[in-house]
Amino acid sequence: MNEFISSIEAADTIAVTGHIHPDGDCIGSCLGLRQYILDNYPGKSVTVYLESIAPEFLFLSGADSVKQETESKSYDLFFVLDCSSLDRIEPYLSMYERAAKTFCIDHHISSKGIGQEYILKPQASATCEVLYELFETDRISLSCAYCLYTGIVHDTGVFKHSNTTKQTMEYAGDLISKGINTSKVIDETFYQKTFVQNRVMGQALVNSRLYEDGQIILSYLNKDEMQALGADSGDTNGIIDQMRVTKGVEAAVFLYALDKDTYKVSMRSNGRVNVAAISEEFSGGGHVRAAGFSMKAGLEEVTGIVLSKIREQL
Numbered sequence: 001m002n003e004f005i006s007s008i009e010a011a012d013t014i015a016v017t018g019h020i021h022p023d024g025d026c027i028g029s030c031l032g033l034r035q036y037i038l039d040n041y042p043g044k045s046v047t048v049y050l051e052s053i054a055p056e057f058l059f060l061s062g063a064d065s066v067k068q069e070t071e072s073k074s075y076d077l078f079f080v081l082d083c084s085s086l087d088r089i090e091p092y093l094s095m096y097e098r099a100a101k102t103f104c105i106d107h108h109i110s111s112k113g114i115g116q117e118y119i120l121k122p123q124a125s126a127t128c129e130v131l132y133e134l135f136e137t138d139r140i141s142l143s144c145a146y147c148l149y150t151g152i153v154h155d156t157g158v159f160k161h162s163n164t165t166k167q168t169m170e171y172a173g174d175l176i177s178k179g180i181n182t183s184k185v186i187d188e189t190f191y192q193k194t195f196v197q198n199r200v201m202g203q204a205l206v207n208s209r210l211y212e213d214g215q216i217i218l219s220y221l222n223k224d225e226m227q228a229l230g231a232d233s234g235d236t237n238g239i240i241d242q243m244r245v246t247k248g249v250e251a252a253v254f255l256y257a258l259d260k261d262t263y264k265v266s267m268r269s270n271g272r273v274n275v276a277a278i279s280e281e282f283s284g285g286g287h288v289r290a291a292g293f294s295m296k297a298g299l300e301e302v303t304g305i306v307l308s309k310i311r312e313q314l
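No gaps in the numbering here: position 63 of the sequence shown is 63 in UniProt numbering, and each next residue is one more.
Treat the hints with caution; some may be incorrect.
Pairwise CB distance ranges (calculated) [unchecked claim]:
| # | residue 1 | residue 2 | range |
| --- | --- | --- | --- |
| 1 | E90 | K223 | 18 to 28 Å |
| 2 | D138 | T194 | 32 to 42 Å |
| 3 | G248 | E117 | 41 to 51 Å |
Keep in mind the hints are simulated off the structure, nothing from the lab.
As the structure is a computational prediction, the values presented were derived from the model and not from experiment.
All C-beta atoms in this analysis are idealised placements derived from N, C-alpha and C, irrespective of residue type, glycine included.
Just need the whole structure built from these sequences, with the hints factored in.
Dropping the structure here:
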C-alpha cells in the first residue's frame, strides 16, 4: 500500500490547498483530489481552501464549496498541491502547521521539499498529471476527470508547451474517454476572454518593447493603467504566452502592478534562458521555461534587474 493511499485511509478529516493566485492546474488538482477522495473513501471529510476562484472554473465539481478564509480547525491530513514553498500558502499556513500530517504533491522544479510526505515529479506537465498517476484510473469519475483534464490543459497551454509529452497525451485521452466535453474546458476556461481582458491584452502589447536585438520582449501594466482598464490580476492571463511566440524571441517578460511599488513578474523562455533560476533568486518559483515572482520596487528598477539577469544567460 503506498503512502498516498494509506495517508488518506488513516485520516478522518482532510484539508487541501494550493498556491496563492490559483491557476487552472492548482484549482483542478485541489478539486480533483477532493472529488476522488469523496468518490472512493466514504465517510471522509474533505475541505478545500483557496483564494478566490476565477468564474470560468466554477463549473468544476466542488468549486462552490471552496473556503477562502482560514479556520481554527486542526486536520488529520493536510494536502498542499502545486506549490513549491510554504510562503505560497501563507493564508492557510497556520492550519498546515496544526495538522497531524502534511503531504505535498507537486511538479515544480523549484520545489523546496515541504511536507512530512512529499511527491515531486518535475517531468510531469502538471500536478493534475501527477494525481492521475496516483489515482486508480478506473475509479476516476467524470467529475474528477473534468478537474484533472482542466489542470493539464492549462499547464500545457492546450498541449502546446514543451512540457507536453506522449504520456501527457495518453493521460488526457483516457480522461476524455470518460465523457469530457473538451470544447467546454478548452474554449470556456482557456481561450474565451472578457471585454476587459481583451483590452488589457491590447494595452500590454502596445507597451511591449524588444531588447538584445529582438531576443527579449518585455511589457508592463502600471497601477494607473490597471485601474483605468478596470483590471485585476486575473485579467492578465494569457498575455505572457502571447508575447512568448513573438518571432525571434528567446525570453518574454510581463510585469503588472500589484500596488504602487510592487510588481508581479511573469517570465517565459523558448529554451536558452532558465527563468526558474532567475525566479528563485527573488523567492519565486516555477519551471525552466515558465516562472515568476513578485518584487517590491518601482517599474524602472524591476525592469532593469530582470533584463540584466536574462542578459547573463544569452
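_Hint check, failures only_ = none
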